[in-house]
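*Asks:* Chains as they are written, first to last, in the UniProt record's numbering: chain A, 1 to 658; chain B, 1 to 658.
I should point out that these hints are in silico values taken from the structure, not numbers from a laboratory.
It is possible that some hints are incorrect.
Any copy will do: because identical chains look the same in the list, a pair fits if it lies in one copy or spans two.
For lysine-lysine, the following BS3-like pairs were computed, each having C-alpha atoms within a straight-line distance of at most 27 Å [what the hints assert, rightly or not]: (1) K517 x K337; (2) K501 x K337; (3) K118 x K201; (4) K517 x K473; (5) K466 x K501; (6) K517 x K398; (7) K201 x K159; (8) K517 x K466; (9) K121 x K628.
It should be emphasised that the depicted structure is a prediction, and the values quoted were computed from it without experimental measurement.
There are 2 protein chains.
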Amino acid sequence: MTDFTLTLADLGNTSAQNIETLFAQANGILGVRASLPIPSTESSPGSFINGFYESHEIVYGENAYGYAKNHQTMVKLFDLRTIEIAIDGESEFSLLEQDLRLEMATGILSESYRYATKSGKKIQIDLESLASHANRAVYAQKISVTALNFSGAVKIGKKARHIKPEGISEFDPRLKESSADLQISGNRYRTKNSQLDLFVKFDDFDETLSLAESQTFTFTQLYHLSRLNDFSDVTYDTLKMQQTAIFKDFWASSDIEIVGDDKLQKGIRFNLYHLFNSAGRDGHTNFAAKGLTGEGYEGHYFWDTEMYLLPFFIYTQPEIAKSLLTFRANILPQAQKRAAELEFAGALFAWRTINGEETSAYYPAGTAQLHINADIAYAFELYDNVTGDADFIAKNRKVIYEIARFWMSYGFMSARGFEIHEVTGPDEYTALVNNNFYTNKMVQNTFYYAAKLAVRFDENLDEALKWSTAANKMYFGYDEKRQLTQQDDSFLDKEPWEFDKTPTENYPLLLHYHPMKIYKHQVLKQADTILAHMLFSESKEQIARDYDFYEPLTTHDSSLSRAVYGVVASKIDRNEQAYDFFKAAATMDLDDRQGNASHGIHAANMGGSWLGLIYGFAGLQLENGQIKTSNHLPKAIKSLRFNLLIRGKMTEIFIKND
Amino acid sequence: MTDFTLTLADLGNTSAQNIETLFAQANGILGVRASLPIPSTESSPGSFINGFYESHEIVYGENAYGYAKNHQTMVKLFDLRTIEIAIDGESEFSLLEQDLRLEMATGILSESYRYATKSGKKIQIDLESLASHANRAVYAQKISVTALNFSGAVKIGKKARHIKPEGISEFDPRLKESSADLQISGNRYRTKNSQLDLFVKFDDFDETLSLAESQTFTFTQLYHLSRLNDFSDVTYDTLKMQQTAIFKDFWASSDIEIVGDDKLQKGIRFNLYHLFNSAGRDGHTNFAAKGLTGEGYEGHYFWDTEMYLLPFFIYTQPEIAKSLLTFRANILPQAQKRAAELEFAGALFAWRTINGEETSAYYPAGTAQLHINADIAYAFELYDNVTGDADFIAKNRKVIYEIARFWMSYGFMSARGFEIHEVTGPDEYTALVNNNFYTNKMVQNTFYYAAKLAVRFDENLDEALKWSTAANKMYFGYDEKRQLTQQDDSFLDKEPWEFDKTPTENYPLLLHYHPMKIYKHQVLKQADTILAHMLFSESKEQIARDYDFYEPLTTHDSSLSRAVYGVVASKIDRNEQAYDFFKAAATMDLDDRQGNASHGIHAANMGGSWLGLIYGFAGLQLENGQIKTSNHLPKAIKSLRFNLLIRGKMTEIFIKND
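Using the sequences and the hints given, assemble the complete structure.
*Replies:* This is the structure we're talking about:
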């Protein structure tokens with residue numbers, strides 16, 4: 001089972017912070033970065049609780065009506081991993097060797113470090129740890145300390161250190177200060193502004209041992225962190241046993257076996273492992289863009305969940321899918337309030353949020369990405385079709401109606417049809433455009449689904465008629481002369497971007513050019529029209545023409561891009577191109593291709609790599625509750641095996657080359 | 001000469017802060033709000049020095065490459081007007097009567113106040129004051145105190161009080177905290193961040209007098225404030241004499257005599273008076289949007305100067321015009337740096353600035369209003385044509401070349417012609433559009449002017465050819481079916497705004513609707529295409545069609561709108577409609593029609609009211625250095641008389657209604 005094991009040899013970048021992210025452990029509630037036991041200056045240790053954020057007012061240089069009011073920032077919590085060691089009074093160490101071994105099959109991380117003092121005394125630290133999936137309040141460590149070449153007094157301290165706020169100096173709009181001043185009362189930590197409580201139970205370890213040469217001292221430490229002040233007694237060995245069992249079940253239903261490319265095999269398992277670890281489980285938390293592994297994007301929930309992550313969960317872990325969708329149902333009141341504030345009907349879900357309120361401070365690439373509302377409806381529909389969970393849909397169908405009402409009030413009927421203006425599509429390198437193809441397509445789908453539900457539940461029939469009419473008359477821009485789908489009303493009129501004059505170091509463009517310069521050019525950050533082609537039927541010829549036009553204009557500066565282009569390449573039988581995209585997607589974080597895995601995993605891309613294999617290589621399609629597959633395996637791949645759970649029934653799919 | 005006198009009876013709103021603005025005195029360098037001698041809780045006293053600002057970093061909720069870095073905020077300086085009075089120990093007063101009389105003919109303000117103590121002792125304070133145009137460092141007051149109904153000890157203190165920073169609680173994006181912590185050393189006040197020096201000379205007055213009933217005590221106070229530590233000895237009487245002479249000269253060249261509407265007559269004089277008072281004179285300062293009368297828009301300089309104020313100065317006060325244009329020439333290095341930062345050629349002038357650097361914190365309605373660059377070129381050309389000041393143009397022609405270079409790099413040649421994308425036109429209720437008609441028209445004009453200069457000075461001829469070609473091929477959108485000029489590529493496709501469902505209190509829209517909602521509708525804040533029609537030739541039929549289409553869609557939420565619609569109404573012989581617009585423009589601040597005269601005068605509108613009379617009623621046109629006029633007087637106006645200075649020669653124009 002070596003393919004379930006991750007070691008440092010698998011990493012393209014072994015900087016301290018990269019290791020912290022990639023070997024981070026999480027259980028959907030609690031996440032802990034795999035920082036060094038004795039931190040270096042490069043270390044960025046910390047732990048996170050899903051949905052535990054601090055808020056502060058957004059300051060605008062120039063304010064306007066209806067802007068998002070507060071930042072919400074997932075708090076970087078305790079350093080649970082630092083070990084304070086002194087050997088005969090010496091407390092400075094240099095790292096000689098490190099070895100990490102993540103057993104993805106069991107969810108257990110094993111680590112071994114050798115350190116030396118200035119005077120040459122060597123010590124080995126062996127760690128075994130887990131973020132428990134059986135008891136999600138617990139992070140557990142087994143620690144062994146071995147005196148390698150000396151006998152003497154070894155002082156060992158093991159405490160949870162509260163991370164104090166520190167500034168971020170780097171220019172990167174995707175990063176934000178994530179620490180908070182916590183108000184401490186007994187074992188309760190409360191955020192000052194958001195007034196959220198966190199209860200902890202830490203038993204510090206602090207002893208001085210007398211170790212003989214080669215002698216090993218072993219102890220276990222359990223750290224409890226929970227939103228509720230309610231802790232159960234557990235032991236390390238029990239937790240480890242439970243963890244192993246839970247992961248066995250996980251892989252039994254969710255593994256993908258791919259023969260012919262070991263790197264891709266490991267990459268996809270690594271991705272599925274992190275997806276399982278960072279997904280919220282309680283209906284009140286969702287899946288942060290960086291999971292629970294880092295502070296990028298402030299721990300916010302985006303459309304990534306619906307369009308990149310939920311397909312995997314819906315098809316293999318429907319209980320998790322249900323919990324993620326329940327989160328949206330639970331924040332419906334905030335979405336209704338937001339729509340009313342902006343003087344629209346129905347519900348307008350936040351582009352980025354933790355607590356349900358909009359927290360995007362730049363609306364052209366935030367609130368204006370209204371498509372998230374159609375994305376949510378799409379995910380509900382997919383869940384509906386795949387799981388057949390009638391109770392859930394019956395209970396939450398109001399979400400869909402309210403979204404449809406929003407779109408009816410935001411769009412308008414013109415001589416051309418139902419139009420939707422002043423939106424930003426998935427491609428954030430154009431903003432505030434009219435009739436974004438992806439958005440209009442998704443809204444059309446939303447209207448149809450809402451109308452179907454209305455008929456199914458025999459209600460809102462007058463509205464259903466309007467929704468169907470709007471869907472039937474939905475306007476889509478098409479360039480007859482070039483036979484191209486228009487990304488939006490003006491995209492094809494834009495000036496070409498001078499790719500040949502853009503040096504490599506100027507990517508991602510957003511860090512090197514003003515938005516106005518980017519927006520006025522034909523240049524894409526990520527799949528947009530092509531994403532619509534991944535989801536909906538269209539002639540292969542049309543898809544191919546659009547693919548050939550848009551792909552060369554796409555920088556893939558967003559990690560959400562390559563996997564989608566890969567699926568669509570498969571769809572038009574360009575299996576080897578698809579393979580190239582998959583390799584990039586499947587190993588994006590392992591190879592640190594985006595250059596910022598240190599800020600946390602690229603969760604959406606991880607979900608995207610699942611889409612690449614299942615929607616792409618295996619050509620999965622769902623029609624009337626029946627699945628269809630087709631073989632798009634590239635030459636190098638001998639076979640692909642995976643499971644899907646359709647309406648409660650597990651189906652194994654096995655696709656072989658020839 | 002009663003028409004040169006302003007009293008409280010002329011004001012539509014006599015709140016303390018409104019009076020402070022409208023009776024404020026200024027001399028282009030120093031401005032003092034006409035606050036009560038004994039401030040009430042509503043008072044907002046203060047003085048300003050043109051261009052004296054404090055800067056602090058702009059905080060962005062979400063930052064991006066190339067955003068403006070620092071706020072620049074004109075500092076609200078000393079309260080120079082408060083008189084501390086105590087009668088037999090009583091220091092609390094209630095205001096019984098106030099009478100203000102501004103002699104615009106001489107630039108002298110006379111005020112009389114009656115106050116009473118709780119025990120009924122009444123005192124009269126008479127003030128005479130001026131912001132000296134002869135010595136722009138000086139604000140001078142003559143103060144008389146009369147014991148009306150008592151004999152006793154009157155303690156009088158007269159000091160300059162430094163205004164301490166205070167927050168602004170009101171939601172209004174057009175207002176910003178304008179006080180600063182000043183670092184004081186001797187008579188030098190230095191701003192902490194911008195490191196600007198201000199030197200002061202204040203001789204405090206502090207005496208206790210024994211006054212008999214009806215006895216009057218009179219003294220004078222001179223307050224010196226200057227960017228240079230260099231003060232000359234002056235007396236109040238000399239300053240008053242000089243002031244009277246200077247204003248006599250001013251009115252001799254700049255007055256407009258209008259017979260038939262006394263209110264309009266007073267309104268236009270009031271406007272010209274303030275224009276003369278707030279215009280920068282030294283080539284390093286410009287004309288703040290609110291002049292030197294209030295803190296609205298942070299004391300920033302906008303395109304208002306070029307398009308609304310400079311015509312008046314160019315035609316009647318060319319020395320002031322020259323100084324305002326010199327300011328642009330002096331900030332050319334900042335504009336070149338800004339263009340380079342955004343990776344464009346030439347010079348990109350800041351949308352709003354004091355020190356030449358961009359300080360707009362919301363680029364869609366800031367930097368994106370690139371038209372300011374064409375506006376600057378337009379004003380240089382007008383100055384060139386009207387004054388014939390060849391030396392000035394020879395010295396500063398680089399400004400025009402650099403602007404033309406910017407436009408060549410920002411726009412692009414397509415199959416349709418030379419296009420300019422991703423700009424915001426004058427109408428701020430649409431943003432980031434393609435081929436804004438006004439912008440393209442102004443850029444075309446810039447290209448032609450730059451090419452002409454190149455020929456005149458026999459240089460840059462290769463570039464001149466490109467500029468001419470781009471101008472000749474400039475793209476203008478036109479709706480053939482409706483025979484309408486397109487405000488931009490998408491404006492005519494937008495959803496109509498539901499004016500009938502918009503309650504009166506929801507204007508201005510920007511304070512009540514999210515930008516996305518506003519931008520996606522056919523609704524204008526101000527004249528846009530119609531402004532282009534004011535400036536350039538076009539068939540009357542076309543102008544009339546465009547006017548009839550755009551005017552009903554225009555909220556006139558901007559004070560820059562009505563005057564322009566007025567001029568264009570005159571141009572298409574709708575003299576009575578023009579008259580309605582002029583009345584609104586000429587008395588906008590006197591009647592407080594925008595509701596925020598308390599924040600300062602609406603300078604651009606004041607300039608606009610001059611345009612209304614001269615470009616509109618008198619139909620002024622300039623062709624090859626020759627002026628032409630035509631009679632567009634509305635019925636109620638009997639005659640109009642004014643002067644224009646063409647190439648150094650004063651011409652009196654007299655237009656009579658039959």
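*Asks:* The structure should be examined with respect to each hint, and the outcome stated for every one.
*Replies:* These are the hints, each one checked on the structure:
With identical chains, the CA atoms of K517 and K337 are at most 27 Å apart between copies only, with a shortest distance of 16 Å across copies and 35 Å within one. Taking CA atoms no more than 27 Å apart as the test, K501 paired with K337 passes between copies only; the shortest distance there is 21 Å, against 47 Å inside one copy. Within a single copy, K118 and K201 get their C-alpha atoms no closer than 35 Å, and across copies no closer than 66 Å, so neither meets the 27 Å cut-off. Proximity of K517 and K473 under a CA criterion of 27 Å is satisfied inter-copy only: 22 Å between copies versus 34 Å inside one chain copy.
In this homomeric assembly, K466 and K501 come within 27 Å of each other (Cα to Cα) only across copies, at 22 Å, whereas the closest approach inside a single copy is 49 Å. Proximity of K517 and K398 under a CA criterion of 27 Å is satisfied inter-copy only: 25 Å between copies versus 41 Å inside one chain copy. Within a single copy, K201 and K159 get their C-alpha atoms as close as 11 Å, which meets the 27 Å cut-off; across copies the closest is 63 Å, which misses it. Only between protomers do K517 and K466 lie at most 27 Å apart by alpha-carbon distance; the minimum there is 22 Å, versus 40 Å within a single protomer.
Taking the shortest alpha-carbon separations for K121 and K628, neither the intra-copy value of 63 Å nor the inter-copy value of 98 Å comes in at or below 27 Å.
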